[in-house]
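S.K.: We have chain A; now place chain B onto it with these hints.
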Amino acid sequence: MDGMKERLEALRTEALGELATVADPQQLNDLRVKYLGKKGALTEILRGMGALSAEERPVIGQVGNDVRAAIEAVIEAKQSAFQQAETENRLRAETIDVTLPGSKLPAGAVHPLNKVAQEIEDIFIGLGYTIAEGPEVETDYYNFEALNLPKDHPARDMQDSFYITDEILMRTQTSPVQVRTMKAMNGKTPVKVICPGKVYRRDDDDATHSFQFNQIEGLVIGPNIRMSDLKGTLLQFAQLMFGKQAQIRLRPSFFPFTEPSAEVDISCAQCGGEGCRMCKHTGWLEILGCGMVHPRVLEMGGYDPEQVSGFAFGMGVERIALLKYGIDDIRHFYTNDARFLGQFVRMQG
Amino acid sequence: MNVSYRWLSEYIDLNGYTGEGLAELMTSGGIEIDVVESRNKGVTGVVVGRVVTREKHPDADKLSVCTVDVGGSEPLQIVCGAKNVAAGQLVPVATVGAKLPGDFAIKRAKLRGVESQGMICSAKELGLNEKLLPKEQQEGILVLPEGLAVGQSILEVLGIDDEVLELDLTPNRSDCLSMLGVAYEVGALTGREVKLPNNRVTDTVEQASDHLSVQIEAKEQCSHYAARYIKGVKIGPSPQWMQNRLMAAGIRPISNVVDITNFVLLEYGQPLHAFDADKVGSGRIVVRLAREGEVMVTLDDQERKLEPHTLVITDGEKPIALAGVMGGANSEVDASTVNIVLESARFDGGTVRKTSRQIGLRSESSIRFEKGVDPSRVIPALDRAAALMAEYASGLVLEGIVQEAAAAPAEREVFVSLDKINRYLGTDLSKLEVQTLLGRLHFPFELSTDGVFTVKVPSRRGDIAYDVDLIEEVARLYGYDNIPTTSIEGATTPGALTKPQAIRRELRRRLTDAGLHEVISYSFTHPDRAKLFPALSGKVEPIRLSLPMSEDRSVLRTSLLPQMLETAAYNRNRKNEDLSLFEIGSVFHTDEVELTRLPQEKHRLAVLLTGIRTSTQWNRKSVPVDFYDIKGVLETVVEVLGVSRLISYEAAQPEHMHPGRTAAIVLQTERGPVTIGYIGQVHPALQLEQDLNDVYVLEVELAPLYDEANFAIEYKVLPRYPAIQRDIAVVLDRGVQVGKVIAEVRETAGELLESVNVFDIYTGEKLGAEKKSVALSLVYRHEARTLTDEEVTELHGRVVAKLEQSFAAELRK
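Chains as they are written, first to last, in this note's numbering: chain A, 304 to 652; chain B, 168 to 980.
Just so you know, not all the hints are guaranteed correct.
[What the hints assert, rightly or not] Lysine-lysine pairs mimicking DSSO-like chemistry, simulated, CA-CA at most 27 Å apart: (1) LYS769/B <-> LYS418/A; (2) LYS583/A <-> LYS208/B; (3) LYS229/B <-> LYS250/B; (4) LYS446/B <-> LYS302/B; (5) LYS486/A <-> LYS769/B; (6) LYS501/A <-> LYS769/B; (7) LYS250/B <-> LYS291/B; (8) LYS277/B <-> LYS266/B; (9) LYS769/B <-> LYS698/B; (10) LYS229/B <-> LYS491/A; (11) LYS598/B <-> LYS623/B; (12) LYS407/A <-> LYS788/B; (13) LYS341/A <-> LYS381/A; (14) LYS798/B <-> LYS788/B; (15) LYS223/B <-> LYS454/A; (16) LYS486/A <-> LYS208/B; (17) LYS583/A <-> LYS418/A; (18) LYS666/B <-> LYS491/A; (19) LYS407/A <-> LYS742/B; (20) LYS407/A <-> LYS798/B; (21) LYS208/B <-> LYS291/B; (22) LYS485/B <-> LYS472/B; (23) LYS698/B <-> LYS501/A; (24) LYS587/B <-> LYS486/A; (25) LYS706/B <-> LYS798/B; (26) LYS798/B <-> LYS698/B; (27) LYS623/B <-> LYS666/B; (28) LYS666/B <-> LYS501/A; (29) LYS501/A <-> LYS706/B; (30) LYS454/A <-> LYS598/B; (31) LYS666/B <-> LYS418/A; (32) LYS454/A <-> LYS521/B; (33) LYS742/B <-> LYS418/A; (34) LYS454/A <-> LYS547/A.
[Said to hold, decoys possible] Pairwise CB distance ranges (calculated): (35) CYS579/A <-> GLY238/B: 41 to 51 Å; (36) THR763/B <-> GLY605/A: 19 to 29 Å; (37) HIS512/A <-> VAL263/B: 42 to 52 Å; (38) GLY188/B <-> GLU589/A: 19 to 29 Å; (39) GLY188/B <-> LEU408/A: 32 to 42 Å.
None of these hints come from the bench; they were simulated from the model. Keep in mind that this is a model prediction, so the values were computed, not measured. No residue lacks a Cβ here, since even glycine has one placed at the ideal position from N, Cα and C.
Just chain A, same shape as in the assembly:
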């Protein structure tokens, strides 16, 4: 029995000694097999247990277990040390330069004119308007006559419009859509629409003029629409578009299709009305034209001006985009330089 005990202790010493010098996981595994495996040294010694007495067996069994536990503990400690080292190595090897640029998602831009138009459309949709559209090639009737601009009207100049025939032309304003809307409504109220779109006027192109440009007009008709409602609507629009602090100012003006008519200035968003280069030091930006729909226009649209009234307003999308983004030349909108377009990727603010 003493011989077994001593052999076990000798095994412990040998195993622990050998384990102390282990250098890699493979070697560790080999030693585990050598000492603790099914055919390992410990099993080999313990196989002699059968020859022991019933009293001796538990004693030697206990010693065997102790030796196993001692060897296992060292193996485990070694193993975990190896694993940690391996992990550290791996992390070191995987370290990258986080300052290199990433692979971005593609991001294109909506054209700035449509970006502005959509923003305006969204504001009016929020106020309960729908969007009406009409043809860009129009009849003289819808473009002029039905808007109280008969053929001999001085405000009408053949030279200012792109005619195709005597009766057909490129629309010079989006107002014909208002007339088409009125006719389509067949005398029903309320009418609450905005009409965005391209319009065309004979104009020599320069930094601030373009023969093709975009307008957005609005039309409201109802049983009791007042000029004060027009002011309220435009103020609401101005504050949603240009910020809560925006103010409006109406100046009497003239349009053949509205009476009374007004030019609308909005307090300069840049300087807040104190005067800067953008507003030419006036504190105000001229943005809109508006007025109460002329009774003749209502009549031609199929409404009785004694029963209903309405207001209309219109603005140039280019002008707002020029102001909003500080763009230097209106022609950029139509030459579509990718370096220009790429500047408008940001979300609508």
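M.R.: Showing chain B alone in chain A's frame:
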């Protein structure tokens, strides 16, 4: 219209208003003032002096040495270089310490050894506009008229201590094309009274009708023709004050008679014309339309061909003036004129406009006739001018006005109720407030007990015809700023996008998310461009503008692609070679040779890809875009619109597209398959011509997609049973379309086939030049149970067999 502040103050009290203040007041009332310009360009210390002596400079041929009395104790010695300086003249003298425009200070100086204590000035040196100077003042020093006090400030004499307001008039306010009109406007804004000018004509015994008759033949074009006969005028310069005013208004003084007609034109807004009565000879004025082939020489010595619609003033035979536009050379007032026929008439605006357009001449007269003159001023203006001619041209005004006139236009009455005013404006004005405002406008009115105003509109305000016109007058005088701010009353309305609008928004969102930039091009293009891509441009003649600005922008676009290429070329020239662009816009088609109805406007989507797919970066290779990139764009679009199952692609060879890399986009509709666009590479020949690299494009009609688009989500329960995947690779002839192979696979495998994916295409020497290997991955699944290996093997076997049979496919092992 340029309005002199000093002149205006003759008709209305402007006390308390500076030029700027007046401009602000008028702008807020609806007459926009562009600029307020001082007539003084920087003159101080210049006074009237009398040249006492003039001698030649001892050492300079071109200089004179003058002594000039400027009211000081001693006359000044001044060296002057002007040829026209002479003893006895009254002249403007800039004394030492004076300043001239351009910050030019006058100092004591020695000129060729002779001391000069100031400078005798020319009109130009005083900052007067050269173009407006009478001929005799354009060279040399300015010689002033007699009657001025020595030492008097020149600012006063020349009226340049004045400001000029430039009115930017809207077409309805032609009443402000006269000083009186402006005075009435200012009167309405300030509540002050208007002072009318003196136009009393002194009676004579001699009758004008003994010398003159007037007859209107063209009654439609001329509703009133009035004339006076003025005898024995002395032609000379007009008084300095009148010249000052004309120059302030931008009109060059010419002679007393001509200046008076212009002065009164500005004062009353009524154009006048003076004929040399002796040149007219016949003593007859006949107003008629020109005859075919008639010609006349106008004041500017141009021979004008007259049209049958041209209204002319004749002496009974030949034309002596183009009515309302310009006088004739044959009746021109000149230095030798003694007797005058003075015309004041009302010509039809449209007729005058036509003539002035035709000869390319817009005069102060024609502008006013075009916009309509006040019928009630024909006679007062005539009298005013006659009175001035008596006073300033020594004329004798003969008794009586010779005239022919149609009945005067009826006085216009317009009604508006107090209730309507307040309902329309959203205000709460009282009767008294409205009464006051109408009173300030000098609009006579009656007010009924139930609050209805009956307004007699003065003839000078031709723009007031409707009750709303009166409401506007009330509103603008009350102040737009004082109108309250309210919200629309009544039921709220829902705001929304229509289906096409929502689709276009979604397209923009998806395409920009995929990295494409949106472009907007001109709708006008060159006819040659409009003929590119006939399959898309409808094979029709493009619609031509009748007066294009240039050939480059002369027709309406028939397809979006030609300008997409133009945009690509523009960018390429700026080294932007990698482009992903799209445009949503209208093209214009018609089958008519000349439009009698509106053309078709078709909404289309166009996409252009060129260069490399994603920008080159350290972690990826740059891959050039190819057909499948642009096809992917469209596939995503149709997927989003819920129509991918209705879309198919058929190889096509439309003109200007690469014949081997182009497909027709076919939409399955209720009426059968419809080609809605094309997708592919631009033909290499066209690419070369446009100086472009490989360009992939698509253009597709949106209307059919609007119709077929389906936004409903078709939710399917997630699969509960496992799928079985089988991959196959088959060798096919190169020309076999994989799309057909896939269709055959689907057809054969039926419902159990969940998906089929092409995961590899291989061509290479091993297969031979005419072959390709296509690798497909098929996923089988049953919704309600687990498939057995045997049944999948059997089904898959059938698929393979079918491919072998239909495409002579060889299974690759």
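S.K.: Compare the structure with each hint and give your call.
M.R.: Against the structure, the hints:
no. : hint                              : in the structure
1   : LYS769/B <-> LYS418/A             : holds, 22 Å
2   : LYS583/A <-> LYS208/B             : holds, 23 Å
3   : LYS229/B <-> LYS250/B             : holds, 8 Å
4   : LYS446/B <-> LYS302/B             : holds, 24 Å
5   : LYS486/A <-> LYS769/B             : holds, 23 Å
6   : LYS501/A <-> LYS769/B             : holds, 14 Å
7   : LYS250/B <-> LYS291/B             : holds, 15 Å
8   : LYS277/B <-> LYS266/B             : holds, 18 Å
9   : LYS769/B <-> LYS698/B             : holds, 17 Å
10  : LYS229/B <-> LYS491/A             : violated, 85 Å
11  : LYS598/B <-> LYS623/B             : holds, 17 Å
12  : LYS407/A <-> LYS788/B             : holds, 14 Å
13  : LYS341/A <-> LYS381/A             : holds, 21 Å
14  : LYS798/B <-> LYS788/B             : holds, 21 Å
15  : LYS223/B <-> LYS454/A             : violated, 68 Å
16  : LYS486/A <-> LYS208/B             : violated, 57 Å
17  : LYS583/A <-> LYS418/A             : holds, 26 Å
18  : LYS666/B <-> LYS491/A             : holds, 23 Å
19  : LYS407/A <-> LYS742/B             : holds, 22 Å
20  : LYS407/A <-> LYS798/B             : holds, 22 Å
21  : LYS208/B <-> LYS291/B             : holds, 11 Å
22  : LYS485/B <-> LYS472/B             : holds, 13 Å
23  : LYS698/B <-> LYS501/A             : holds, 23 Å
24  : LYS587/B <-> LYS486/A             : holds, 25 Å
25  : LYS706/B <-> LYS798/B             : holds, 25 Å
26  : LYS798/B <-> LYS698/B             : holds, 25 Å
27  : LYS623/B <-> LYS666/B             : violated, 53 Å
28  : LYS666/B <-> LYS501/A             : holds, 20 Å
29  : LYS501/A <-> LYS706/B             : holds, 25 Å
30  : LYS454/A <-> LYS598/B             : violated, 39 Å
31  : LYS666/B <-> LYS418/A             : holds, 19 Å
32  : LYS454/A <-> LYS521/B             : holds, 13 Å
33  : LYS742/B <-> LYS418/A             : holds, 26 Å
34  : LYS454/A <-> LYS547/A             : violated, 43 Å
35  : CYS579/A <-> GLY238/B: 41 to 51 Å : holds, 50 Å
36  : THR763/B <-> GLY605/A: 19 to 29 Å : holds, 25 Å
37  : HIS512/A <-> VAL263/B: 42 to 52 Å : holds, 50 Å
38  : GLY188/B <-> GLU589/A: 19 to 29 Å : holds, 21 Å
39  : GLY188/B <-> LEU408/A: 32 to 42 Å : violated, 59 Å
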